[in-house]
Amino acid sequence: MKIFISATLRSFFNREHEIDVKGKTVGELLENIIKEYPDSKNAFYDETGERRGFIKLFVDGEDRTGRDYAVYSLSEKSKVLLLPVIAGGAPSLAQTEALVSDERRKEVELDNTEIERFNKHLLLREIGVKGQKRIKAAKVVVVGAGALGSAVIQYLAAAGVGTIKVIDSSAVALEDLQSQVLHSLRDVKRPKSASARDSIRNINRSIEVIAENEDISADNASELIEDFDLVVDCSDNFKTRYTLNDACILNGIPVVFGAIYQFEGQVSILGHNGGPCLRCVYPSPPPAGLVPSCAEGGTISPLAGIVGSIQANEALKLIMGIGEHLSGKLLTVDTLYLNSSVLNVKRSCNCPLCGDTPTITEVETYDYEDFCGLKAKEDEVPVEGFTPEELAKKIDAGEPLKIIDVREPHERAILRFPGAVVIPIGQLVRRQKELDPNIDTVFLCKQGKRSILAINTLREAGYTGPMYNLKGGLDAMKDIVLANEGGWL
Amino acid sequence: MSFNKIHINDEVLKIMVSSVEASYPAEGCGLLFKADDHAGPELKVKAAAVCFNEAKGVSEHYRMDPMEVFKHEENRAKENLSLSGIYHSHPDKPAILSEEDIREMLPGMVYIVFSVLSGKVKDIKGFIKHENVVHYAEVEVQGG
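Quick note, the sequences are listed as chains B and X, same order.
In terms of the working numbering, the first sequence opens at residue 1 and continues consecutively.
In terms of the working numbering, the second sequence opens at residue 1001 and continues consecutively.
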């Protein structure tokens, strides 16, 4: 019986186009083929004796390869073909070429101290001297020297990144020390960027550190990241994230994105090699005030260390072009129940920034409220409010007031407002009957933003009673509440 | 025998490039042919045939129907051409072999991988598996 051999398989059959082997069934035929062409055993079976998937036996146009076909009868007229299965797949996670080119790598040298310092990197086959030189030549911007920034900055500095720019406009507060391990007690009230610079210098004096004590805005974003290889986003607000995303995409600089909330974290790589950007993954942020930021929602102390360390790891891999990374993927980690998953995210052709017909061509001043559709309409009644002092005076004077605390129950446990009725923002519309439209009602939350949203939500739902916002929220009134607690109860 | 360099002329390259760009965002694939009497360490690709990607629905995969491959082989044999390689694309991914690609590689066959970013070919790389080790094969494009 004549058997056609595909060119792809001829190396197993002495390069013959056609072989002549006898067999009454498929099983018998295969046995005889291997007997006559012993090399072909390597085509049919792998080293462990398992059948290989890439070779198929077709009889009269039908695949008869499976074990079930061993007894399939053949006639002399059967047209038997040995054909390959040609298949493959794209890399499951993206791999890439190094962000730092060979030319730049060759421009740097490692001295004896560095060879000693980075010994454990040099021992890794994937890193070695070449990889360490790339790290040294790399220029990285870290936006935010808070919780995520603490891990990112310290690990990038420890790994030997040659130039690190830290951008943060805030000062270290006592409450930051719970998760921002970059800063210590003596840094309280100092600018975070300066404290970060000192920490980096304490790790490695030869790193060039640029500390920028300012906010990212449309005016300065492109300038701040110019000539850098990579941006690590450790910011804590949507306005910075979207402005930074736009500047990076427009300047062709990839972003290692990281975010944390309570016990959960996310990491991704944006704007890299045609991958998605932040606007592809999250076309718009949640309405201002609806989702509490870390400052409002809280996070467990080590979470930022876990997520920030993954960001630093991704950054180093991108710099060296090793392994697979999170471009086009979103890693989510839940540290409370120890779940993690990698979700696929794709570039959106409708993205206004990196889609097929982009409408954003320069970094624009970002109007967060407009973007979320929250901007006050012209005919909208502005929300009236009391300052903490005004509210305290009214309570002391015994004026008829109803106070509604719209925070979540667990937030209330931190500081209760005496006499306040607790209605979390999500239940307000349903529970509006508990309000009295004949007396002044004051709404409060942690920072005075969610309470504005609460008032607007109730207005939309048709509630007509007088409503006031506690300006600055409980954070602003904390001292007065604590001083008066006994009296107000 | 193992090739260390792959020569492709403009015309054949055009066939491959337009087919993988057309199949974006799915993977595109096809076959490469050389002259029957060709010898030496440098492969000269004489023709390319576009194949149907059976795994189009499965994102990030390609698979060819063995019978379609056979028909191309049969037809090209009449022109004294023989199958010598396979090309496929990685949409929005770099032109490197995935683990699956390496596992499915047929020994002695040349593999050309295109990186297609946002619908346009951005990179092209050649590979060959010889005695179970994967080697780079330089790709050279010639005019005319």
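Do not take every clue at face value.
Claimed, not checked - DSSO-like mimics (lysine-lysine), calculated; alpha carbons at most 27 Å apart, straight line:
#1 Lys79/B <-> Lys106/B
#2 Lys1044/X <-> Lys1122/X
#3 Lys139/B <-> Lys165/B
#4 Lys79/B <-> Lys1071/X
#5 Lys1071/X <-> Lys1129/X
#6 Lys130/B <-> Lys77/B
#7 Lys346/B <-> Lys1078/X
#8 Lys106/B <-> Lys1125/X
#9 Lys329/B <-> Lys1071/X
#10 Lys1122/X <-> Lys24/B
#11 Lys1078/X <-> Lys1122/X
#12 Lys346/B <-> Lys1122/X
#13 Lys1071/X <-> Lys1122/X
#14 Lys449/B <-> Lys189/B
#15 Lys1125/X <-> Lys130/B
#16 Lys346/B <-> Lys1125/X
#17 Lys1044/X <-> Lys346/B
#18 Lys22/B <-> Lys56/B
#19 Lys41/B <-> Lys1129/X
#20 Lys1078/X <-> Lys1005/X
#21 Lys2/B <-> Lys1071/X
#22 Lys393/B <-> Lys346/B
#23 Lys22/B <-> Lys35/B
#24 Lys120/B <-> Lys35/B
#25 Lys56/B <-> Lys1122/X
#26 Lys22/B <-> Lys106/B
#27 Lys130/B <-> Lys120/B
#28 Lys1129/X <-> Lys56/B
#29 Lys77/B <-> Lys35/B
#30 Lys1071/X <-> Lys22/B
#31 Lys1122/X <-> Lys329/B
#32 Lys433/B <-> Lys449/B
#33 Lys1125/X <-> Lys329/B
#34 Lys139/B <-> Lys1122/X
#35 Lys1122/X <-> Lys106/B
#36 Lys329/B <-> Lys1120/X
#37 Lys1078/X <-> Lys1056/X
#38 Lys24/B <-> Lys41/B
#39 Lys77/B <-> Lys106/B
#40 Lys1129/X <-> Lys35/B
Quick caveat, the hints were computed from the structure, so don't treat them as lab data.
A quick look at each hint next to the structure:
At roughly 60 Å between alpha-carbon atoms, Lys79/B and Lys106/B are farther apart than 27 Å, so this suggested pair is violated. For the suggested pair Lys1044/X and Lys1122/X, the alpha carbons sit about 22 Å apart, so the restraint of at most 27 Å is met. For a cut-off of 27 Å, the pair hint linking Lys139/B to Lys165/B stands: about 8 Å separates their Cα positions. Of the pairs offered as hints, the one joining Lys79/B and Lys1071/X holds, with about 14 Å between alpha carbons and a cut-off of 27 Å not exceeded.
For the proposed pair Lys1071/X and Lys1129/X, the alpha carbon gap of about 25 Å is at most 27 Å, so the pair holds. Distance check on the hinted pair: Lys130/B and Lys77/B sit about 62 Å apart at the alpha-carbon level, beyond 27 Å; violated. Taking the CA atoms of Lys346/B and Lys1078/X, the gap is about 44 Å. The hint is violated against a cut of 27 Å. At roughly 24 Å between alpha-carbon atoms, Lys106/B and Lys1125/X fall within 27 Å of each other, so this suggested pair holds.
Only pairs whose Cα atoms come within 27 Å are accepted, and Lys329/B paired with Lys1071/X is rejected, the gap being roughly 39 Å. Between the alpha carbons of Lys1122/X and Lys24/B the distance comes to roughly 52 Å, so the proposed pair goes past 27 Å and is violated. For a cut-off of 27 Å, the pair hint linking Lys1078/X to Lys1122/X is broken: about 34 Å separates their Cα positions. For a cut-off of 27 Å, the pair hint linking Lys346/B to Lys1122/X stands: about 18 Å separates their Cα positions.
The hinted pair formed by Lys1071/X and Lys1122/X fails the criterion: a straight-line CA distance of about 31 Å is larger than 27 Å. A hinted pair counts as satisfied when its Cα atoms are at most 27 Å apart, and Lys449/B with Lys189/B qualifies at roughly 25 Å. Among the hinted pairs, Lys1125/X with Lys130/B is consistent with the structure: their alpha-carbon atoms are about 22 Å apart, no more than 27 Å. Restraint check for Lys346/B and Lys1125/X: satisfied, since their Cα atoms lie roughly 24 Å apart, inside the 27 Å limit.
For the hint pairing Lys1044/X with Lys346/B, the CA-to-CA distance comes to about 37 Å; that exceeds 27 Å, so the pair is violated. The straight-line distance between the Cα atoms of Lys22/B and Lys56/B is roughly 18 Å, inside the 27 Å bound, and the hint therefore holds. Of the supplied pair hints, the one linking Lys41/B and Lys1129/X holds, its CA atoms being roughly 18 Å apart against a limit of 27 Å. For the hint linking Lys1078/X to Lys1005/X, the alpha-carbon distance of about 26 Å falls within 27 Å, and the restraint holds.
For a cut-off of 27 Å, the pair hint linking Lys2/B to Lys1071/X stands: about 17 Å separates their Cα positions. Note on Lys393/B and Lys346/B: the hinted pairing is violated, with a Cα-Cα distance of about 55 Å set against a maximum of 27 Å. With a C-alpha separation of about 11 Å, the suggested pairing of Lys22/B with Lys35/B holds against the 27 Å cut-off. At roughly 52 Å between alpha-carbon atoms, Lys120/B and Lys35/B are farther apart than 27 Å, so this suggested pair is violated.
Using a Cα cut-off of 27 Å, the hinted pair Lys56/B and Lys1122/X is violated, with the two alpha carbons roughly 34 Å apart. Among the hinted pairs, Lys22/B with Lys106/B is inconsistent with the structure: their alpha-carbon atoms are about 62 Å apart, more than 27 Å. At roughly 14 Å between alpha-carbon atoms, Lys130/B and Lys120/B fall within 27 Å of each other, so this suggested pair holds. Of the pairs offered as hints, the one joining Lys1129/X and Lys56/B holds, with about 20 Å between alpha carbons and a cut-off of 27 Å not exceeded.
Distance restraint check for Lys77/B and Lys35/B: the Cα-Cα separation of roughly 22 Å lies within the 27 Å cut-off, and the hinted pair is therefore satisfied. Between Lys1071/X and Lys22/B, the direct Cα distance comes to roughly 25 Å. Compliance with the 27 Å bound is thereby established for this hinted pair. Of the pairs offered as hints, the one joining Lys1122/X and Lys329/B holds, with about 21 Å between alpha carbons and a cut-off of 27 Å not exceeded. For the given pair, Lys433/B sits about 23 Å from Lys449/B by alpha-carbon distance, which is consistent with the 27 Å threshold.
Between the alpha carbons of Lys1125/X and Lys329/B the distance comes to roughly 24 Å, so the proposed pair stays at or under 27 Å and holds. With a CA separation close to 25 Å, the supplied pair Lys139/B and Lys1122/X stays within the 27 Å bound. With a C-alpha separation of about 25 Å, the suggested pair Lys1122/X and Lys106/B falls inside the 27 Å cut-off, and the hint holds. Restraint check: the Cα-Cα separation between Lys329/B and Lys1120/X comes to about 21 Å, which is no more than 27 Å; the hinted pair holds.
Under the criterion of a C-alpha separation no larger than 27 Å, the hint pairing Lys1078/X with Lys1056/X is inconsistent with the structure, at around 30 Å. Simply put, Lys24/B and Lys41/B have alpha-carbon atoms about 20 Å apart, close enough for the 27 Å limit, and the pair holds. The suggested pairing of Lys77/B with Lys106/B is violated, with an alpha-carbon distance near 66 Å, which exceeds 27 Å. Distance check on the hinted pair: Lys1129/X and Lys35/B sit about 26 Å apart at the alpha-carbon level, within 27 Å; holds.
Checked against the numbered hints above, the structure breaks hints 1, 6, 7, 9, 10, 11, 13, 17, 22, 24, 25, 26, 37 and 39 and satisfies the rest.
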